[in-house]
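Enquirer: Chains as they are written, first to last, in this note's numbering: chain G, 986 to 1088; chain S, 34 to 890; chain D, 25 to 228.
Any given hint could be a false lead.
[What the hints assert, rightly or not] Here are a few chain G residues that face chain S, going by a calculated C-beta distance under 8 Å: (1) PHE1009; (2) SER1080; (3) ASP1084.
[Said to hold, decoys possible] Using C-beta positions, here's what the derived DEER-type ranges look like: (4) ALA735(S) with ARG1079(G): 31 to 39 Å; (5) ILE116(D) with ALA731(S): 17 to 25 Å; (6) VAL722(S) with ILE116(D): 55 to 63 Å; (7) ILE187(D) with LYS728(S): 29 to 37 Å; (8) LEU761(S) with ILE116(D): 20 to 28 Å; (9) LEU133(D) with ARG1079(G): 52 to 60 Å; (10) GLU163(D) with ASP823(S): 29 to 37 Å; (11) VAL184(D) with VAL722(S): 16 to 24 Å; (12) ASN1043(G) with TYR812(S): 30 to 38 Å; (13) LYS728(S) with ILE116(D): 49 to 57 Å.
No wet-lab data here; the hints were simulated from the structure. Values in this document were obtained by computation on a predicted structure and should not be read as measured data. Don't be surprised by glycine CBs; every beta carbon is placed ideally from N, CA and C.
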Amino acid sequence: MNSIPLEYFLLVAALLFVIGAVGFLLRRNLLVLLMSIELMLNATNLTLVAYNRFRPENHAGQIFAFFVIAVAAAEAAVGLAIVLAFFRVRRTIRSDDADLLRN
Amino acid sequence: METLRTLFPASNFALLAVILGLPLLGAFVNGVFGKRLGKEGVRAMALAAIGGAFLFSVVTFLMLPHAAAEGAPAEKLVWNAWRWMSVTGRMGQSIPIDVAFSVDAMSATMMLVVTGIGFLIHLYSVEYMWEDPGFARFFAYLNLFIFAMLVLITGDNLAVLFVGWEGVGMCSYLLIGFWFTDEKNASAGKKAFIVNRIGDFGLILAISMLVYYVGSLTWNGIEANAGALLTPVKIWPIGNLSAETLPGFLAKILIPAKPVQVYASTLVGLALFLGCAGKSAQLPLYVWLPDAMAGPTPVSALIHAATMVTAGVYLVARLSVVFLLSPAAMATVAITGVATALFAASIGFFQTDLKKVLAYSTVSQLGFMFIGVGVGAFAAGFFHVFTHAFFKACLFLGAGSVIHAMHARIHDVNKSQDMRNMGGLGRYMPITRWTFLISCFAIAGFPMSAGFWSKDEILWKAFSNLPLAPPASKTVPMWAWPANLGPAIYWLGILAATMTSFYMFRAYFMTFHGKFRGWEIVKGWKAPASHGHDDHAHDDHHEAEESLEGPTPRESPWKMTLPLVVLATGAAFAGFLMAEPIHIAPLGHLLEPVFEHASKAMTEREGAKGLMWPMMLPGLGAFLAGTGAAMYVYLNRAGEPERAFAASSPRFYKLLVDKWRIDELYDATVVGMVDALADIFTMADKWIVDGILAKLTAGVVALLGTILRAVQTGRVQVYAASMVIGLLGIGWFIVQPHAAATIDDTKLKQNGQVVLAAAPGLGYSYLWEGPGIPPAKDYSPVNQLSVRLDPGEKKDIVLHVRNAFERETTTTIPLARAGAKRMGDPGQNQVPEVRQLPTGPIPGERIQELLKPGGFQ
Amino acid sequence: MKALDFGIFALSTLLVLGGGLGTVASKNPIRSAIALLVSILGIAGMFLLLAAEFLAAIQVLVYAGAVVVLFLFVIMLLGPAAQSPADARSAISRYLGAATFLLSATGVLALVLRATKGATTTLATQPAGFGTIEAVGKELFTSSIAPLEFSGALLLVAIVGAIAVARGKQPDPTLAVATPKGEEPEAAPEKAPSRRPTPKEAHS
């Protein structure tokens, strides 16, 4: 079960992170922005787990990933609630329209 | 009695806790629950608290003579409550300061006066203040005052006394400004407080010096170790001030040939007296007392006549040991006393406000008390405190009664106190009139009255006493009491007594005789609905029956006249408690142990023997002259000569009426200076703090805000992009190799070894180059290098670093070791300059100077 | 064995990257959510390859089961508004986005490859029981009990906060009962200021 080298996982994680980051920067849909964040978090998790596999003395990486998942779940819940509230106020979910504080 | 004695032994006399606790409880209950209790409840609480305290004071007083029998040192009842703190003395010893209370003959007498007269005045106030909206507050303050005064009297050490001292000061402040809505009253309270602070500074100084020199603050401790006060103290030049530290011309003026030395006892005595002068309104700190009459009249009677203001006299008598060790301090006390007595009497001459006359008379009488304690007649001075409490309280309460009646008619605070609006009141207010007259006789020194015995005793002692100088060191001479100082004080005192009887009877005749001038005042007076009636709320149910003429003045109710009668009785007969010349002196015998040392330190002046009875004649003459003159001027001629005097020398008359314009002088000097200082600070605050600092700060913040506002677009993506840019910056830093090393040269001085440690990084490998290092062919993960340096040697180490991205960088680390001291480079070492000897003939007076090291430069 | 591993890895990679690209690139948010689900499943497969069985299960349960479903719910709630009109982009902006992505992906790949210098690190055999529920649970409840508790508190706060934020301002049911029908509850306090001038007028 050890035939895949560590670097492969890291490459995949890096690419996934870039996908998430570029998506976050370029999209305007708040829902997609949240999903991009999830992608980036997943990429980080993958790195953590891969490095934990590289140093399997304890489960620090996996446990960290576990907490990241927990935080991500909380973030998704609150983020989506905010999206809903925002939608109720502005009747849109375009991130550019969240500019009430400006001027 | 027997039960009480076993219950409260002399060494643990917990009954004092009850005496102290009752007024405190009253103050607490009236202060916190006063509104809810209602007036009847407040009255009951206040009267019960003070009445109880008075009863227990009587019990204490009766138990006192038996205290000595129980083995207590001297006749003293002691209650040691708890250890307050402990300070370190100058020998390193620990000086305990306890919350301890004690009662001896003097404090027991004072206790009786405070609680007894306090009770009468409480009773009087119930009627006087009944209509006042601040009824509960008034009694809370008054009870608190009694508590503080009792702490002051019964405190067994200076620290506890100081607590009471400040407590009465605070209550005095609160009660002077009782009608604080009036600006004048509030500022009178402030004035009293601030002037008292000046005195308190002296008292704190005295306490500190006593701790330092004597090492004790308890009365017994001070008495036992008072000898330590006979230490000469250098007071000038202060500290390190010397001819060397000052410029030449100043040194000539300021530095005397011999340092000025005085005895610690003089310093302590003067500092103590500063405190006493503040509290007891002596020159030059008397100015607050006349203004303090802004408070309700019972307050003036209790605090500013009978009890608090005599605290200074009490303190001097209490610490008589200290004063006996310094004739100079005693002379200061006595001279200040006689000066104050004369000065205040002169102001009292032509005052028209009844309460102001009494206020200046109080200041003057306090001066008499200080004459007494100043000439070493502590018992006599203290006895004057006692008698004065009776007749002055009676006078004030009588004045209050008159004002009460006048106010019902005139409805104006100032006008109802003005004697020019009174006259003939004796017909309407017989009890007030007769008690006032008796008290006037007492204060003027009518034979056999209270004031006669105490005042004559003081003056006789001033004439006859000669304080003995204590044994002093040979190097510092002790100032001796000149032989003619006593008689001078005596004759000035007689003059002051004459003036006293004149202005007191002037007040009496103007108030109670002649025709009532108040009719005219009231003539235009209309309905009370629009009158400028301030918070003086005792308008005495006359509102229904007012006519154009207004209500006639009428006698006050019994709650006000009963205290008058009791106090007048005291004023008439209290003198027989210590009538020394006729050898009826029960109080005097009681006080004897308290002032035992004082009588030892006194001697009778030569030529005074057997003159006691003859020397009473001038006192009697003073009474007759003053009273007769007042009678002639104000009864027979209805004040005509005073008007003639005012017309003949108007400026002098005006000066007297304006109280010598001392207040104006203080305003111009002290107050003006402080005001100017405050103005300067205000300007600094306005222009520098607000103008420059605040505006500058605000400007910088505004500028930053303008800049940052441009960055805050409000778009999430822009923020994310800036994060990415920051991330790229960090990534670039990681991609670049960085060559750096920490240098550990702790062993450089010992063996010249330096250890270099290169900083780690992502995939770093290192290559070291330098003299004396074996050349490495390739980069290696070795990041440490040890280099050896000889003294004075310099080496340049080159560090190459390559990181994970095959990028390389190089840095040079210069290393150097200082040369050895002996074989060091001569060019670098500083060679001391060879001193050039002066050529040519050397002036003789400079040889000595040149011999000193570094003399010739 | 080796071939199987590589097969699984290749499949997972395909799922992860394809799902990620689909998430970011698709116009319709429902498609994005489904693509996110695919990507998450791929990550779970990678976790399995990395001997993190427990995390793989959590990943499927929490992400696929909860988070993605939540996204879908919200998309359903928003209805057609979920697809914001501005995302109907022109071809140029799409190409620009793709170019940005390609550029940064190349940069990252180059960076990683350069850092590893093309070498690969073979992972050693993991100890027995590594990544099982038992092993991870033991550590979770011993050495990292405090963070675990805190994450519980965080989730609670998140739930309450999410409810509070998403619920918005609702009329108070108690007020609704007290006021008669047809009258807005906000109308009651407005009456007081309207009454205020009356005593003043009476006074003057």
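Enquirer: Work down the list of hints and note, for each, if the structure agrees.
Expert: Hints, one by one, checked against the model:
1. At its closest, the beta carbon of PHE1009(G) sits 6 Å from a beta carbon of chain S; the interface hint therefore holds under the 8 Å criterion.
2. Taking 8 Å as the C-beta cut-off, the interface hint given for SER1080(G) holds, the closest approach to chain S being about 5 Å.
3. Hint status for ASP1084(G) relative to chain S: holds, with the closest Cβ pair at about 4 Å, below 8 Å.
4. With their beta carbons about 33 Å apart, ALA735(S) and ARG1079(G) fall inside the hinted range of 31 to 39 Å.
5. Between ILE116(D) and ALA731(S) the beta carbon distance is about 48 Å. The supplied range of 17 to 25 Å is therefore violated.
6. A hinted range of 55 to 63 Å holds for the C-beta pair VAL722(S) and ILE116(D), which are about 60 Å apart.
7. Distance hint check for ILE187(D) and LYS728(S): the Cβ-Cβ separation is about 48 Å, which falls outside the suggested range of 29 to 37 Å.
8. Hint check: LEU761(S) to ILE116(D), Cβ distance near 25 Å, so the stated range 20 to 28 Å holds.
9. Between LEU133(D) and ARG1079(G), the C-beta spacing of about 32 Å breaks the proposed range 52 to 60 Å.
10. Roughly 56 Å separates the CB atoms of GLU163(D) and ASP823(S), a value that falls outside the hinted 29 to 37 Å.
11. Range check, VAL184(D) to VAL722(S): Cβ separation about 47 Å, and the 16 to 24 Å hint is violated.
12. Between ASN1043(G) and TYR812(S) the C-beta distance comes to about 33 Å, which sits within the given range of 30 to 38 Å.
13. Our hint of 49 to 57 Å for LYS728(S) and ILE116(D) holds, since their Cβ atoms are close to 52 Å apart.
Taken one by one, the earlier hints fail for this structure at numbers 5, 7, 9, 10 and 11, listed in ascending order.
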